[in-house]
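Asker: Residue numbering for the sequence shown is -18 to -1, 1 to 332, as defined by mature numbering (1 follows the signal peptide of the UniProt record, and there is no 0).
FYI, nobody ran anything at the bench for these hints, they're computed from the structure.
Capping the alpha-carbon separation at 30 Å, the derived lysine-lysine pairs in DSBU-like fashion look like this: (1) Lys48 to Lys4; (2) Lys270 to Lys257; (3) Lys295 to Lys313; (4) Lys227 to Lys295; (5) Lys224 to Lys211; (6) Lys227 to Lys285; (7) Lys285 to Lys211; (8) Lys4 to Lys21; (9) Lys295 to Lys238; (10) Lys242 to Lys211; (11) Lys295 to Lys242; (12) Lys238 to Lys300; (13) Lys242 to Lys300; (14) Lys4 to Lys33.
Now the in silico label distances, taken between C-beta atoms and shown as ranges: (15) Asp289 to Thr114: 51 to 61 Å; (16) Asp109 to Val290: 49 to 59 Å; (17) Lys227 to Asn91: 48 to 58 Å; (18) Ala7 to Gly28: 23 to 33 Å; (19) Leu318 to Leu228: 48 to 58 Å; (20) Val283 to Val240: 18 to 28 Å.
We put the beta carbon where it would ideally sit given N, CA and C, even for glycine.
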Amino acid sequence: MKYSCSLLLSFVALSSYAQNNKLEATGNAGIGTTAPTEKLEISSNGSSNIKLTHTADVLGVVGALKFNMAGSDLGRLEVERTDASGRMSAMKFFVRGSGGEFETMRIVNNGFVGIGETSPSARLHVDGSPGTVFARFTQTDVSAADGALSFMNGTGSTGNYIPVINGRSYMPGRSLGLYLIADVEDVLPASDIAYGAMILDSRSKTGARLTTSNVLAVNSGGVNLMLVKANGSVGIGTTDTKGYKLAVNGSGIFTKVVVKSYANWPDFVFRSDYKLPTLSEVEQFVAKNQHLPGIPSASEVEKNGVDVGEMNKQLLQKVEEQMLYIIEMNKQLATLSKEVEVLKQKIAAK
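Hey, can you work out the whole structure from these sequences and the hints?
Answerer: As structure tokens, then:
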């Protein structure tokens, strides 16, 4: 098949002596310019610079632009007609390597682009091969405004759905849905406020899926491992946080736990106006209720669990009350000791 480039070469030959066209002694050809600096230079102030037409009504390749060096093909840009109606077409890019010529990219009539893929099914469809990096994005001097890979809903709609990243990475013994890695020195927030190594940010929308659903969910094999709810509650091993900020279904180990109490730490027990219950009153309460005053019963703990902060406060209050009982008993013991000593002296004097 003769390619349409022959039409262009014929046009150059016919036009070489026109006023605005020139064929230099150097071999440079100019169309629309009298001072070509390349082998072919085209200059135009019109709406189009080059038009290649295939006069035959055929399917398949209708035109190609080839690049050769020393008789060897280096690559080509090829236009293909894929159906008789003319509505289906594709632009294909070929290069030649050590293993022969192969297609690197294709643009089809619906605007889909395929890289390593001859039948793209998305705006950008990349088909990699084993042993190669799937994709790499590099930008010099990244700033806060452009240091992102953005997936946005371009319709302006307040609908329920947003674009997602869906993939799989394999590490020894386990698969990951999304794998993020960075050097330690790169994970450095600018300041200790609303920034971090990774930010998961949910914007309020009218759609129910974004206003009431979970912000982040970590699943494995269909089982929920952890979730962050829209109200800020975190569930680990459970999806029902029961209104608490953190709900954990399972055991945990900690090297340090700090529970902050906001008011009424029981140092008030040592104030002079504190009414310390008598031991008789405590005895009567225990006999009736089977637990200490201020301490939840076994049935209450079974139903509601234990408030660690409140329980520690109540236990400390009991310890401080016991200390007051001991101090009072020590005073009584000292008084009794003095009285016993006086009695001993009286008995010895007789």
